[in-house]
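Just so you know, the protein sequences line up as chains A and B, in that order. Position one of the first sequence corresponds to residue 1 (the working numbering), numbered consecutively onward. Position one of the second sequence corresponds to residue 1 (the working numbering), numbered consecutively onward.
To be clear, the hints were calculated from the coordinates, so they are not data collected in a lab. Check before you lean on any hint, since a few could be wrong.
[To be verified] Result set (DMTMM-like, lysine to aspartate or glutamate): computed pairs, CA atoms no more than 20 Å apart in a straight line:
1) B:K321 x A:D562
2) B:K576 x B:E542
3) B:K535 x A:D569
4) A:K499 x B:D567
5) A:K499 x B:D522
6) B:K89 x B:D149
7) A:K321 x B:D562
8) B:K268 x A:D562
9) B:K600 x A:E545
10) A:K499 x B:E563
11) B:K463 x B:D479
12) A:K578 x A:D522
13) B:K600 x A:E570
14) B:K499 x A:D569
15) B:K499 x A:D567
16) B:K164 x B:E200
17) A:K499 x B:E352
18) B:K11 x B:D84
19) A:K499 x B:E570
20) A:K164 x A:D104
21) B:K418 x B:D404
22) A:K268 x B:E560
23) A:K535 x B:D569
24) A:K100 x A:D149
25) B:K499 x A:E560
26) B:K435 x B:D488
27) A:K268 x B:D567
28) B:K221 x B:D207
29) A:K535 x B:D533
30) A:K81 x A:E29
31) B:K600 x A:D569
32) B:K321 x A:E563
33) A:K268 x B:D562
34) A:K535 x B:E570
[What the hints assert, rightly or not] Some chain A residues judged to face chain B by a derived CB distance under 8 Å, without partners named:
35) A267
36) I356
37) G357
38) C504
39) G505
40) R558
Beta carbons are placed, not taken as given, at the ideal position from N, Cα and C, and that holds for glycine.
Number of protein chains: 2
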Amino acid sequence: MKPTSKIIPLKNTEITGGFWADKQKLNREVTIHSVYDRFAETGRFEAFKLNWKEGEPNKPHIFWDSDVAKWLESAAYIIAKTPDPELEKIIDETVDLIDKNRWDDGYFNICYTLFEPEDRFTARYNHELYCAGHLMEAAVAYYYATGKDKFLKIMCDYADMIEKAFVTEKWAEFDSPGHEEIELALVKLYRATGEKRYLELSKYFVDVRGAEEDSYTQAHKPVREQDEAVGHSVRAVYLYSSMADLAAEYGDETLFNAADTLFDSMAKKMYITGGLGQTCVGEAFLGDYDLPETSSYCETCADIGYVLFAQRMSAVKPDRKYDDAAELALYNGFLCGLSLDGKGFFYDNSIEVDLIGINNPHDNRHRPFYPITQRLEVFSCSCCPPNVTRLIANIGEFACTENDGTLWLHHFMSGEFKGEGKAIRVETLYPENGKTEITCSGNFTLALRLPSWCRSYTLSGGKNATLKEDGFIYVDVTDGDVVEYTLDMPVRFVQANPKVRQCCGRVAVQRGPVVYCAEGVDNPLPLKGLYVDPKNGATLIEAPEYGVSAIELDGYIRPESDELYYDYDESFTPQKIKLIPYYAYANRGETDMLIWLTRK
Amino acid sequence: MKPTSKIIPLKNTEITGGFWADKQKLNREVTIHSVYDRFAETGRFEAFKLNWKEGEPNKPHIFWDSDVAKWLESAAYIIAKTPDPELEKIIDETVDLIDKNRWDDGYFNICYTLFEPEDRFTARYNHELYCAGHLMEAAVAYYYATGKDKFLKIMCDYADMIEKAFVTEKWAEFDSPGHEEIELALVKLYRATGEKRYLELSKYFVDVRGAEEDSYTQAHKPVREQDEAVGHSVRAVYLYSSMADLAAEYGDETLFNAADTLFDSMAKKMYITGGLGQTCVGEAFLGDYDLPETSSYCETCADIGYVLFAQRMSAVKPDRKYDDAAELALYNGFLCGLSLDGKGFFYDNSIEVDLIGINNPHDNRHRPFYPITQRLEVFSCSCCPPNVTRLIANIGEFACTENDGTLWLHHFMSGEFKGEGKAIRVETLYPENGKTEITCSGNFTLALRLPSWCRSYTLSGGKNATLKEDGFIYVDVTDGDVVEYTLDMPVRFVQANPKVRQCCGRVAVQRGPVVYCAEGVDNPLPLKGLYVDPKNGATLIEAPEYGVSAIELDGYIRPESDELYYDYDESFTPQKIKLIPYYAYANRGETDMLIWLTRK
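Start from the sequences, fold in the hints, and give me the full structure.
Written out as structure tokens, the structure is:
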């Protein structure tokens with residue numbers, strides 16, 4: 001099996017306007033600095049000095065190497081497009097500390113070096129390889145951004161040391177990491193250096209899985225036999241991403257098919273927001289079509305991993321099913337993780353906020369899970385914030401893939417994307433507007449995704465436009481062609497599969513890829529008492545603060561009553577219902593929130 | 001304020017057929033023996049010997065005196081109607097043990113005597129007075145049943161001793177009991193003996209409340225200032241029952257009005273089954289209109305206390321609001337507590353059973369409350385089983401109240417009810433059938449409750465039938481008159497107040513006072529995927545095993561789909577929906593159960 005296409009990398013992309021340019025500006029001007037400040041305040045950067053002493057505040061945590069690593073990677077992506085000496089200085093200083101404090105054998109880990117130097121690679125669950133992987137990703141990003149290779153070489157030394165510990169000398173006391181991440185990082189390290197051993201090491205970590213009887217970390221079966229997404233959702237999507245990478249590198253169709261099966265499995269476990277992880281217990285998957293609202297986890301990192309996985313799959317074998325899922329996650333579950341002011345984050349993303357329920361008394365035995373209702377600037381385990389910054393800074397890399405004759409536009413965003421011997425300039429207000437104008441350089445076939453939510457579209461420019469089974473419209477273009485592609489983007493009322501017992505009798509509202517919700521601050525309570533008739537249609541309301549329009553529905557409420565229970569009648573009172581994008585909820589104080597509205 | 005009527009006591013009633021005769025037969029022939037066997041096996045009767053030693057099995061528990069006391073009271077009610085030397089022997093032997101092992105000062109308590117003799121009446125939460133109260137109720141019942149007064153005298157000694165400890169000598173270290181019960185028991189003791197001090201002691205325990213700042217035990221405010229039902233639901237309804245008793249005895253209108261306000265408060269917190277206690281956390285009330293299905297407690301004992309409270313209120317001031325609520329609790333929340341074979345009990349009664357949700361992984365931090373799905377024969381805290389047996393054995397006492405000129409029929413059951421100078425013989429198949437035939441002896445006014453759920457009725461016999469504001473139809477009858485009263489009893493679709501966010505878009509099905517539910521064993525899953533159109537009507541299906549008919553609805557399901565989310569459409573597939581009485585659920589193995597069905 002030969003991969004159909006390859007990603008057009010960040011260096012050959014430029015986001016030039018529209019929705020994502022705004023997000024990148026906020027990321028560059030606010031978020032990256034805010035996350036840095038919180039990390040500095042909590043001692044995360046200082047920890048790289050490895051001089052923390054018992055009794056001091058800010059005791060380093062086993063995740064901290066990775067928290068900072070993702071910040072470094074984010075800063076590298078930002079620098080790659082907008083030089084920033086201040087950010088570069090922070091990276092260089094941190095790299096110097098890593099260099100100074102790493103072991104002679106190449107090993108680097110803050111907590112193990114400080115607290116348990118004798119115990120390296122003895123505890124599968126302690127995130128050493130997870131931290132190493134994120135440092136490798138940061139090193140690769142910084143190398144691509146600046147050409148400086150110090151960090152990259154440090155990480156090569158580390159990878160060499162890991163190869164010895166796990167493969168050559170085999171003194172490590174476990175085989176596969178308890179939290180996946182290094183697998184996809186080693187593929188990046190291989191691609192940046194050409195050193196095949198790193199690819200082999202990644203393959204080793206993926207292939208060795210199966211002996212641990214631990215479904216929580218996806219180590220219960222050999223990966224090629226895994227056919228259901230189970231366990232910790234972030235771990236899962238990181239593993240699956242590396243499976244897609246290795247399938248591409250080795251032309252391993254069996255591995256690709258296993259990854260595809262796991263992708264399809266997640267399509268029965270995904271919240272309408274693209275959120276993954278139906279239970280807070282272990283931040284994990286539940287069974288098919290079981291999508292409880294009170295236990296939902298939907299970690300921001302899980303949606304980031306979902307986007308990474310889908311990107312890799314749709315490069316190997318372009319298919320809108322991957323991109324549609326990624327887009328749903330991107331514009332909903334992922335974006336919800338960041339506040340509109342660019343400073344606050346959700347770790348887990350609620351599907352519903354019911355303040356009365358949240359404030360009811362619960363004891364330790366009987367507490368349903370209620371995620372926080374307002375975003376925070378930092379968490380004790382703060383994996384999500386720097387994961388948000390790196391995806392936004394690197395978003396251009398998710399737009400296009402190419403091969404010799406074809407360029408695929410997977411995601412609609414204004415920018416310039418340069419392939420080999422071909423390029424496109426994209427202008428669009430997506431997702432506020434379904435119109436995209438693509439100016440082509442070179443003679444090639446342009447493949448435009450037709451999202452599965454789209455019922456009609458228009459296309460002009462180019463020749464021989466053909467919609468294929470993979471959900472892409474293939475258009476032959478010649479140099480200078482301008483293709484106008486307009487997706488009809490009405491407000492849609494969406495139902496869930498009847499097996500989803502939590503959504504029976506309810507509808508959600510979507511426009512394009514954006515899922516909407518009702519907030520208590522805009523609507524009478526209880527929000528479940530707002531009744532929607534899909535036949536009534538909807539009105540768009542300008543809402544520049546959100547980046548896309550808000551929506552007003554002609555809905556209903558039931559008349560008030562003094563009784564608690566009484567004979568059913570058909571009386572409904574008209575009530576305007578205001579909806580905002582799900583990703584924009586919780587930006588106006590604590591209030592109820594509901595996606596799945598009651599159908600009249 | 002003078003009470004309008006008084007209860008026609010058990011001795012002047014005879015259940016002669018129909019629904020409750022069947023329940024009493026099962027109670028007499030199966031349940032009372034099964035509960036005895038389980039209590040004997042678990043050492044509860046043996047414990048009255050006070051010879052338990054450390055290291056032996058079956059260590060006595062602070063509730064056990066009351067568990068056995070309620071069994072004794074149940075057996076006394078049974079004996080009162082159906083002499084049974086075997087039951088009488090058990091009671092006498094237990095009374096002998098109490099006599100032998102009580103203290104010289106009259107005190108009796110298994111655990112305090114065995115384990116903490118120095119600590120009597122020092123711990124408000126330790127149920128001493130609760131146990132004492134139940135023993136008093138048993139003694140009164142046994143005295144009425146047999147005329148034997150040994151038990152009664154023992155309990156008078158105990159009451160005298162309690163009066164000293166709390167009122168005269170005041171050495172007890174708390175003022176009001178942490179679990180109410182003795183208040184209503186002392187009123188019974190007063191009525192059986194004529195000793196006013198017992199009534200005064202009850203009044204003391206009720207009036208003293210307010211200083212403890214403990215809303216959980218209803219001691220946060222003086223009772224006359226309490227205006228919302230809060231805290232532990234069983235405790236609450238026991239207290240409120242005694243408030244009604246004392247209001248009647250003292251003509252205390254302020255106390256009656258406070259009790260009435262608390263009754264109305266519960267009318268905003270009651271599940272459609274009459275169930276009380278919206279949260280398992282503390283088996284307690286939540287706020288108005290907050291009726292979660294996953295945390296519901298609805299303890300069987302709470303519904304029993306609710307029936308006791310309503311009975312007392314509707315004697316003081318007959319009003320169908322009390323009887324309607326009691327009837328709802330009786331035929332739903334209460335009866336659900338007992339299996340059809342008469343051996344199994346629910347302690348808490350689920351409003352919904354969702355097996356997928358129940359079987360999802362939960363850890364200690366994140367476990368929503370899931371009650372048991374199948375009835376058990378005994379519990380470690382086994383308050384409910386002997387509470388069920390005593391209410392069924394004593395059910396005749398709930399039918400009628402009277403005053404000089406009027407006899408009120410509060411609840412419809414076949415039987416003979418003798419007032420002073422007047423009597424009625426009732427024949428009915430209620431609640432299967434709305435027709436009741438009342439044969440009258442004497443000249444008086446017969447007051448017949450018109451349940452608030454009834455939309456039309458016919459009445460013949462007697463004269464001057466007048467429906468009054470209290471919801472009773474007053475008919476003048478003369479000796480020998482036969483009144484035929486037929487309540488139209490169609491299947492009704494019921495909605496909840498729009499403030500109940502858990503019930504939006506859903507309807508329940510009721511016929512007469514009986515609430516119906518869908519079980520997974522009869523219907524396709526998920527049960528929330530069954531759609532009901534109230535316009536379609538319903539068909540009754542004979543179901544003698546339940547005592548009332550089952551119901552079949554012409555409902556709908558949504559067509560199957562391969563997709564998880566897709567555009568809303570109006571397609572529904574016809575689907576028969578089978579409903580059984582809620583009280584009969586969980587008699588055919590573990591399966592899903594749903595009361596609130598999704599409206600089409």
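Problem - Satisfaction of hint between E542 (chain B) and K576 (chain B), Cα-Cα up to 20 Å - result: 16 Å, holds
Exercise for the section: Could you grab the alpha-carbon distance between K499 (chain A) and E563 (chain B) and see if it respects the 20 Å cut-off? Expected result: Answer holds: K499 (chain A) to E563 (chain B) is near 10 Å, not above 20 Å.
Practice task
Take the C-alpha atoms of K578 (chain A) and D522 (chain A), compute the straight-line distance between them, and say whether it is at most 20 Å.
Solution key: 6 Å, holds
Practice task
Would you mind confirming whether the straight-line C-alpha gap from K100 (chain A) to D149 (chain A) stays at or under 20 Å?
Solution key: Answer holds: K100 (chain A) to D149 (chain A) is near 16 Å, not above 20 Å.
Exercise for the section: Quickly compare the C-alpha distance for K81 (chain A) and E29 (chain A) to 20 Å and report which way the hint goes. Expected result: 13 Å, holds
Practice task
Quickly compare the C-alpha distance for K268 (chain A) and E560 (chain B) to 20 Å and report which way the hint goes.
Solution key: Distance ~14 Å between K268 (chain A) and E560 (chain B) Cα, so the pair holds.
Problem - Pair hint outcome, K321 (chain B) versus D562 (chain A) [Cα-Cα no greater than 20 Å] - result: 14 Å, holds
Practice task
Could you check if R558 (chain A) really has its C-beta closer than 8 Å to a C-beta on chain B?
Solution key: 4 Å, holds
Handout entry: Straight-line alpha-carbon gap K435 (chain B) to D488 (chain B), limit 20 Å
Key = With a Cα-Cα distance of about 8 Å, the restraint between K435 (chain B) and D488 (chain B) holds, given a limit of 20 Å.
Practice task
Mind checking the alpha carbons of K499 (chain B) and E560 (chain A) for me, to see if they're no more than 20 Å apart?
Solution key: 8 Å, holds
Exercise for the section: Mind checking the alpha carbons of K268 (chain B) and D562 (chain A) for me, to see if they're no more than 20 Å apart? Expected result: 9 Å, holds
Handout entry: Pairwise hint evaluation, D567 (chain B) against K268 (chain A), where the allowed Cα distance is 20 Å at most
Key = 16 Å, holds
The structure fails hint 9 only (numbered hints given earlier).
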